[in-house]
Structures are given as C-alpha cells and as structure tokens.
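S.K.: Line by line, the protein sequences give chains A and B. Per the numbering used here: the first sequence = residues 1 to 298. Per the numbering used here: the second sequence = residues 1001 to 1358.
Because the hints were derived from the structure by calculation, they are not lab data.
Short, incomplete list of chain A residues facing chain B, as computed with Cβ under 8 Å: (1) I95; (2) I96; (3) L230; (4) A264; (5) Y275; (6) M278; (7) E296.
The structure displayed is predicted, hence computed values, not measured ones. We put the beta carbon where it would ideally sit given N, CA and C, even for glycine.
Okay, here's what each chain looks like letter by letter:
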Amino acid sequence: MQTFLQLTFSGLALGSIYALVALGFVVIYRASQVLNFAHGEFVMLGAFLMISLVQVGMWWIVALGVTMAVTGGVGMGVERAVLRPLIGRPVFVTIIVTIFVSALMRVAIFVIWGVSERGMPTPWDSTAVVEVMGARVLYNSVATIGATGLVLFSFYQLFQRSRVGVHMRATASDQEVALGLGIPVGRVFAFSWFLAGALAALAGVFLGTFPRNVDINMWLIALAAFPAVLIGGLESPLGAVIGGLALGVVQLLTQGYVNPLLGAFGNNFHQVFPYAIMIAFLVVKPYGLFGSREVERV
Amino acid sequence: MPTKPLSVRYEDDLRLLSSRWRQAGVILLVLVALVFPLRASSLWLTLGSEILVLTVGAVGLMILTGFTGQISIGHAAFIGIGGYTAAILGGTYGVPFWLILPVAGVLSAAVGLAIGPFALRLKGLYLAIVTLGLIFLVAHVLRSFPEVTGGLAGISVPMLWWFDGPTVSTSQVEVLGTPLSSMIQKYYIFLILTVIAVLFATNLRRSHTGRSMAAVRDRDVAAAVLGVDVARTKYIAFGVSSFLAGVAGAMFGWEAQFLTIDATVNLLISVEYIAIIVIGGLGTVVGAVFGAVVFVAFGQFADAFLGELPIISELSGAQRKAAFQAILVTSFLMAEPLGLFGIWLRVKSYFMAWPFRY
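Could you build all of it, start to finish, from the sequences and the hints given here?
M.R.: Shown next, in the form of structure tokens:
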C-alpha cells in the first residue's frame, strides 16, 4: 500500500510534467496544425536556461518567469522564421522541418551548455520529503503538482474567459472564418507558440528537479509524451491533461510492478509500454478520447 | 528539346521510356553508375554505395508515402529489422547474402503488414505517431535480447558469398583478369539490387495496383466509392514498402559492417528517408534516386566546406553533418515545395517554350 501510494504520487508528479508538455503540443496543433517535434528541445532549453539564470544570482521565482518568457520567445521565433512560410504545405514537410529544427536546437544547446549533468536548484531543500498517509513524498513532487495545477487553472481561465482565448478557439475551429471576422490569426499563431514554449520551459524546470537531472537527453520527454497527446485527442486540451496525468501514473506503476515480472524483457519496459497501450487504444478510438472525428465527404 | 511524341499506338503507351531523350538519359545514368567505381577513390566508392542503399530504402518509402499517401516515420524500424536479420543470419549462422536478402525483406514485410490494420483506421498524424511507436517497440525488443543482437555493444555484419564461405571482403573475384576489391564487389551487388528496386517501383506505379494507390492517396473515400479496394491497397503498400526497407536495411548493415541499436533504429534515420523523398519530389521514382544523390551530396558538402568555421569545428563529425544537413534540407524545402522534380519541370518548360517565356 505504501509503495503503491508512493508510486502514485511520483506518477502524478511525472504526469503533471507530461500534461504540461502534452498541452503544449495541443496548443500548437490547434493553432497551426503542426505537430511540433522540437517541443522536447523547448523543455531542455528551459531547464538549462533556468540553471544558468539562478547561477547568475537571480531570484528563483524571477528566473522562472524569465525562463518561461525567453523560451516562449524562442518558440515564437521558430514559428515566425520556419513554419509560417510552410503554411499550406503537406503534413510531412512540417514534420521533417520540425525534426530538423529540433536537431539544430540540440546542437546549439550542446555548444552552449555542454554534455555534463546538472542538478536543478530549488528554493527549498531539494531532497526534503513530506509524509502523506505513510508514504514519503518529495517536496519537489508536491511543488510540481501544485505549480502544474495553478498553471492549468490559469490556462483554463485564459482559454475560456479571455479575449485571446476566444481568438484561439475561433482560429482552431475555422481559420478562414476567424480571419473573416477580423481575428488576427497570425498573432494567434505567435501567441500559441509562445504559450507552448512557456509551458515547456516550466515542465523542463520541474523535470530537472531532484530525482532526475538536467542533461542533454532531456528532450526525449517529448517523444515519451506522444501517447498522452494521442490518447487524449490531438485537438483537446482537456484530453492532453488527462492523458498526461494518466500516462505518468501508469508508467510508474508499470515500472514498479510489471517490469520485475518480465525478466530481461522488463528492462525499461515502462518506457515503451505506453506506446503499446496507445496503439491498442487508437484501434478502438481512432481520434482519441476527446479528439474531433472528421466528417468524410466525397 | 523536342516535346513528348504523341502516342498513337497502344504499344507506345506501354513503353517504359517514352522518348528518345529519356532513353538516352537512363542509358547515360546506368553507364556512369557502371564505370564510376573503376575510377573512383575509396571515399567516392563509399559514397556511391551509400547512395544506392538510401535509394532502395527511399523507393520503399516512396511507394508508401509518395504513391499511397500514408505518412510513416517508422521506416527506421524496418531498416533495423533488415539490418539485424542480416547481422544475425550472416554472423551467427553463416548464411550467404543472396539468401539473407529475401528473408530480411519478408520478415520486415510481416511486421509492416501487422501495422496494416492500424493504417485502415488511422490517418495522417495519428498514423505517423503509431509508426513512431514502432521504432520504440522494435528498439526495445532488440535491446531485450542482448545475447542474440549484441545489445548496446553492437554486432558486426559479415557479407558471405556462400554458407560459412568466404566473405565479400576476403574473396577474390576477377573480371577480365583484373581482381575487384571488396568495395567494388559490394557496389555492383548494390547496384543490381537498386536497379531491380527502381524497375519494380516504376512498373508498380503503372499497374492496376499503382493506380489504386494514387486514388487512395488523392481521396480515399472517392476511391472506395469508385470500387477501389482501399484496405487491400493499403496492405499492399505497407507490405511492399517494408519489404524494400528490409532489403535496404540488410544493405545498410553490409555497408556499415557494424550495427548498434541506437544508430540504426532511430527517428533521425526515418527523417533522412522522408527528407530524401521530399527533396526528390513526392510520387516519382526518379525522385527517390536523385533525392538520395542530393542528400548524400549535401552531407558531404557540409562536411568538406563548412567544417572549418570557428564554433562548428568543436562539434563531432556526426553532429556537424546532422546540423548542416538540417539547415540545407530545411531551406531547400522552404524554397522549393516540389523538390528537385519541381526544378526539373521548370527547366524543362523553359527550354520547351524557348525562345518564348511560356
């Protein structure tokens, strides 16, 4: 029971990070119908930037804000420079281009920060734990879940209540009509990429905290988050959040209970298991939990 | 340049190469490919073999993505299956290469057909991510049996002429009294395979199945209404494509002589193949060939001319190559949507209309 609770809590913490990453994918996809394969590099950029800013002596919370803003800005730049000219081109062209952008960003991060592993500084003691119903939960996990909850709530408010949110939803439902109604679709694209970049940076900061490290392989989190995005449905922010949380919990429970049963095959089984679930799930529901089914006409 | 001759007889329509100019071009290309290794240095020979390997794989992906319109970023999984089949059969059991080729193809095609049911339900990006999942699953299976696959340490891939017989690198094959080096032998074997693959794809495209594929690509619902068996067409596309990818994987293994899981079953390998077919021009077989040539040239160009720049020289060779290929391919795609085929169309129409502008 204690192990179960402990795994569930760490799973929720990891799941919050997946939720942030998945939400970024969805926000970008809704705006510009691009699956951004460079998203993992935004996560990694955020983490490295945060470490450098804290080392310079900036307050932690200010550094977090600056990191999110700068990473968001990079996202905006990528959209403007690379993806805006590709509007109206086939899907696989945007796939290749974002994968190549990701390769370039990885090289850039490697040149700037090198390959060494670093720990993410936190204002509280990084290894402190709190007892919840007999399970020892890291402060870091609690902070991750709390911060994610806060951000998701603000995102919901922004998305449902604000003018920008209405613009974003209108653009997602029909770009041409949105343009006709005078919504600045170009600016909505830019803002969506900014938002996704900022969310990715936040995910990166918390992904780098204690049990894990900040290193050059962090970008793999984005590939790991795909099952969450697809099971939730590519167009649905709610689906991304639910999918992300579920993915985190399922992954850690698999690691805790299933991996040992499988012997040699169980090494890192929890990392590919979500993909197997996703493939099986998509056969039953091809557009995920909340994705919109396309109406086909001849 | 003369325009395309009017087809007046059915036989004219059936001909593989419709005009004199095309015949001349193909003959020239084959001649260059035949004579080139006899004069080339070993670096150029390696590049030549690399182009041939990439061409076979790209033709496979072209059938799936270019002809049938199914996006796959899991091509590397099939390449990996082919490569590891060659490594295990050749290295552990001493099976000769000509027997490995069909086995690698069939194994890979079996996995490709297993993806078929998903392709019937899923479209576009959803299908793309499922094929991405295939990469992870295949890599995991390969990693889980290190005693067979060599695990993370990797595995060497011998290319044998005969059961437990001489490898291609140690045997002496003489042609007209001159012994051929192992690289040249490999090159010619690859060339034959490439020609077969290209001919096969060209003919497939002109067949009933090929036209069904184009119909499915352009509008699958409309194709179904017109009586095209969409499910069968997609199964055939996945089967043929992964068969060719398996063969290309075996060739890749022999070319590299040593495989590691991380470098073979890798997202970036899939992306290279997608880049090749998009650079060449989607939906054309020549596109796969020239896309491979240009892609290798890009990598070589990046390495040779741009490696001297200050920050760049700190990167490892592979990183540098990846970075420059990324920049070149991205800018190429942004500037020329139809790829090399689009450039060719413009050049051709310029000369055909000369001295007028259009």
